[in-house]
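2 protein chains.
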Amino acid sequence: APSTVNKSAHPFDKPRLEALLNRRFFYAPAFEIYGGVAGLYDYGPPGSSLQSNIISEWRKHFIVSENMLELDTTIMTPAPVFETSGHVARFADWMVKDVVNGEVLRADHLVKGVLEGRLEGNREARGLEAKAKEEGEDAKKKKKLKVKVTAVKLTDEVVKEYETILAKLDNYSGPELGELCRTHHIKNPDTGNDVSEPQQFNLMFASSIGPTGQHPGYLRPETAQSHFLNFSRLLDFNNGRIPFASAQIGRSFRNEISPRAGLLRVREFTMAEIEHFVDPEDKRHERFHEVRDVVLVLLDRHVQAAGRTEVMNMSVGEAVEKGIIANETLGYFLARIYQFLLKIGINPQRLRFRQHMANEMAHYATDCWDAEIENSTGWTECVGCADRAAYDLTVHSQKTGHPLVVRQALKEPIVSEKEVAEFDKKLLGKTFRGDAGALSKLVESMDESALLKLKGELAQGPAVVSTPGGKEFTLAPELLTIERRTFKQSIREFTPNVIEPSFGLGRILYTLLEHSFWCREQDVERGVLSLPPLVAPTKVLIVPLSARQEFDPLVHEVSMKFRNAGIFSRVDDSNTSIGKRYARNDELGTPYGVTLDFASVQNRTMTLRERDTMDQRIGSIDEVIATVTELVQGTIDWDEACKRLPAYDGVQAVE
Amino acid sequence: APSTVNKSAHPFDKPRLEALLNRRFFYAPAFEIYGGVAGLYDYGPPGSSLQSNIISEWRKHFIVSENMLELDTTIMTPAPVFETSGHVARFADWMVKDVVNGEVLRADHLVKGVLEGRLEGNREARGLEAKAKEEGEDAKKKKKLKVKVTAVKLTDEVVKEYETILAKLDNYSGPELGELCRTHHIKNPDTGNDVSEPQQFNLMFASSIGPTGQHPGYLRPETAQSHFLNFSRLLDFNNGRIPFASAQIGRSFRNEISPRAGLLRVREFTMAEIEHFVDPEDKRHERFHEVRDVVLVLLDRHVQAAGRTEVMNMSVGEAVEKGIIANETLGYFLARIYQFLLKIGINPQRLRFRQHMANEMAHYATDCWDAEIENSTGWTECVGCADRAAYDLTVHSQKTGHPLVVRQALKEPIVSEKEVAEFDKKLLGKTFRGDAGALSKLVESMDESALLKLKGELAQGPAVVSTPGGKEFTLAPELLTIERRTFKQSIREFTPNVIEPSFGLGRILYTLLEHSFWCREQDVERGVLSLPPLVAPTKVLIVPLSARQEFDPLVHEVSMKFRNAGIFSRVDDSNTSIGKRYARNDELGTPYGVTLDFASVQNRTMTLRERDTMDQRIGSIDEVIATVTELVQGTIDWDEACKRLPAYDGVQAVE
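Protein chains in written order, with my numbering: chain A, 1105 to 1759; chain B, 1105 to 1759.
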């Protein structure tokens, strides 16, 4: 039987994890030898592999499984696109400057940090229990500045006022934030200096396209706009039918004011976005039945608006029925997001879906749920799932004059009747000459009842009509006929709505690393990343006992066999002990290791080591390769592998 | 036996291909509904899939097969990095402006276009055969401006002068190009207006990082720099050993002055770059024997310098032996590039390797070979393979003070002896006080023979030494001892050289589309893209006879079975004839199609259609799926498939 493992012997230790990630080059500050740039990170070999395995699973789980239309579009975007989309005017944060040293701070983070610090100080002064624990679970915690807490008692009135301000924080405009700073004497907590009036800072990186400097451009802050701009082509590719989804994995940029949170808040990031185009009158989803019973942890907007944070465990089916999740398509994607995150190794106990409150939604969204994953900084939004309604398609269509609509043949044509006036054009021109046009327009603009009245009058003889300006015309009956006609509308034209699941891959990757990290019970210095085989950078480590040439043919054979089985392996023949090589690969999250020793050369056997338990089994080379292949493909688990391969109790101490 | 196909019945028709690519949304001008931006393109679903299949094969062929270390680094780069690398000063083109309408032109393209136009006019005037055909094969053709040719006779002297200018074109500085325009009355051919003095235009997109505007940045024009900056981490990851290679697939940007050539010259592009770090004293490659016999078409710099373009067919082994290709590592990569391009479907008859002449090399390169692929615009550089020597690592190391070197234990330590002087520090200070430091430096800087001479003198008594400035010191024998000592050097420290294969994926993709395109002999309107199954966007089209519900379970079954076999399929149940659906998928390059009809429901049979021949075979559903799987995996060819499955001669006319 496999060994049991105690993964929680040591409490989570963030600096220890960060040291590991840096040492093993999962990622590192970009331009490090030039001093680095805040918010820019490079992924090294294990980080790149982990990311590319997550992306590959994402592609299978969403694009392939749902036949989505993949796009690969440009990052550089001419300014008019983002003027129309609203990003130039609204994709901005308010910043203030320290008036002495020029340090730049986000205005809302500053107000929040300082007022929360004062409330904390008040609680201390009153001898109340600190609220820190509870705050630690708050979604907004990550935005907080580090503020030194001083025990100063506040009046009940002031406490109440601060709490009200904090509750409405996302609602304040820049000038209002400036007013708050003045009224409440809010200064830069690092220096004690005053801060400037808040200024808007657009979060898009600006550039200029071409040599003349006359074509401003921005680096996209999301991939979504290019899906919308290509909507007509996509619809055409899908033979004119909806619903369908487009998908894109690509780089986006946000020029954050002062990023400080590692991979959780960066200036350049890889995202994966789906734009699911749907009939606004029918947001059912044909595969909804597949996810109806998936139970999610939900934190809806009503609970939050009441200032509470209790979550509900509820099936997607029930949540849609009760209207907590607005429609089937939104519910379908929340469940699929949940399934994806579990598949790659996110701990379901630390995953919840939080609905945005009205005042925190992006300018284009009508509803939004975030998949939030808990980590050492609190609950972090890792996937957003927004209903952008028809906002983007409508504004681009209005701006460019290019219709971004679906034209659908109606199964049952809509039949209607109405009165229609028709002039004898020749007679009209002869009689009214220069006024003919105005007269014709006047009659065309008449509604049903006016036309009926005129029809009645003409049946009696000449009738008088007058323009809004008061000019009168007398119409002879032979000048025009008014008749009831039948109209048949067989095409319905509409702008689709868009449901947008949007994944921040760096945030998911980082939280996954936190969820996977633990230290061996017997030695806290020995860190392990228990990444699932599906996403682990390397699946198998091949460890020859030494770098002696006699192992070369076997190493080559085993490598080739793993490659042919589609299993990514690496050889570690470095000049160090087997134990140290395995310890290094525990840090790299490599789930399996095989050792080639003198017995392998003689008997064609190989030992197999499992990362978490450090259990060792033994079998013939081909047996072990077959077992590892099934383990990596997920068709068997380690228990089953242990039934197939006997335990190894060789004399060589390989740990 | 399979049918034979005549793919060259119709001459290549570029507008026809472009219409197909646009209609099927392989790619389209980005921001098209906003009027588009020159040099920016979006890839639609088939283009994205084609690109991602090429990338996936690239990853297998290079990264996996050679255990390269993959990186994923940021695009946004602080300015100092590109100041050091030389890009700020030198990554620029000279441009001129039309003095009336402000149109911007590349100065070298302008001179070339106008002078070539005049030479052409001269040939016309003299009744000589146009040189156009031959020029069409010239690598530089693509850069030519469209110039109206007027038949004007030139003197022999002027012809000679123009030809000399054109031959040296890449060597002229900006001011020299300006001088040429004045001397030869070169004007904007579109308007006849004068042009301005040439100004340098840097091809990097500029931006600014952070809210203060104090940190200028550039979008990278290549991914290479970030490999160099991370060199120490990479070396460490590779346990301190070289040679090794890092690899990265990512977006880069070049703000071209006036891009006009579709995907061949764009402002934003995906590239795949390898930086292979190698010992400058040993550029052998351990897998060179695998490619020794690969025969390449080579166009070396000596042939070109002599003004000729004859190529040689030569094995890589011979070319390295003869010194035509400088070393094994460069030769190895040229062969591997060749193998990769053939694998994805590039026509080997239209592929050559051209060595750069000294004057056209990038500022960092010491040798460079381009894989050039012929297409309708001429020979186009699609892969560059440069030896960057130690240039980049050296300049970054000097700038940052961070050593970017390899430290290697020497197998045989180098033992040397030399004379060493050692002062009695106390006595030295007491005797010479303020001059002690200068005196000590003076003796340290002495070479072997000077030390020996001093040693001899001191053996006799006090000795006099003098500084370069002429100041003299008298040294007592007890002040210092000079002894012969033994030194052992066991570490060798060196800056590695870099061999860089760099792939422009968009150029490869476009030329592949040209090489794959042809029209059916019987109907020029029916275009086909004969993409190899390995890279085709969709491998199999599943075509139910109609959208009737009775086909649904079978369609579902066949889709699932293909998915489980790892074969990417799509269902086309659109409301149009089977013939039209197949014609659409011929344009999409889908190599196989299976049809589900009433016989399928009754007998569980399915027909299989091959794209190029339009041959139809029939078999049981499982037989057909197994056959297609092998076809796509490349383990059998269509001839073999025809042996397994009988021809289909059903009554339904499905074409």
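Derived by calculation from the structure, the hints in this document are not laboratory data. Predicted model only: the values in this text are computed from it and were never measured. Check each hint, because a few of them may be wrong.
For chains that are exact copies, the list does not tell them apart, and a pair is met inside one copy or across any two.
In silico DMTMM-like links for lysine to aspartate or glutamate, alpha-carbon gap of 20 Å or less [claimed, not checked]:
| no. | residue 1 | residue 2 |
| --- | --- | --- |
| 1 | K1665 | E1170 |
| 2 | K1529 | E1582 |
| 3 | K1426 | D1212 |
| 4 | K1164 | E1661 |
| 5 | K1557 | D1197 |
| 6 | K1575 | E1548 |
| 7 | K1684 | E1625 |
| 8 | K1272 | D1471 |
| 9 | K1201 | E1526 |
Right, here's what the structure says about each hint:
1. K1665 - E1170: Between. Shortest inter-copy distance 16 Å satisfies the 20 Å Cα cut-off; intra-copy 33 Å does not.
2. K1529 - E1582: Within one copy only: 11 Å inside a chain, 128 Å across chains, cut-off 20 Å.
3. K1426 - D1212: The answer is neither: 35 Å in one copy and 69 Å across copies each exceed 20 Å.
4. K1164 - E1661: between (31 Å within a copy, 18 Å between copies)
5. K1557 - D1197: neither (59 Å within a copy, 75 Å between copies)
6. K1575 - E1548: within (16 Å within a copy, 111 Å between copies)
7. K1684 - E1625: within (17 Å within a copy, 66 Å between copies)
8. K1272 - D1471: within (19 Å within a copy, 63 Å between copies)
9. K1201 - E1526: neither (69 Å within a copy, 59 Å between copies)
Of the numbered hints stated above, those contradicted by the structure are hints 3, 5 and 9, listed in ascending order.
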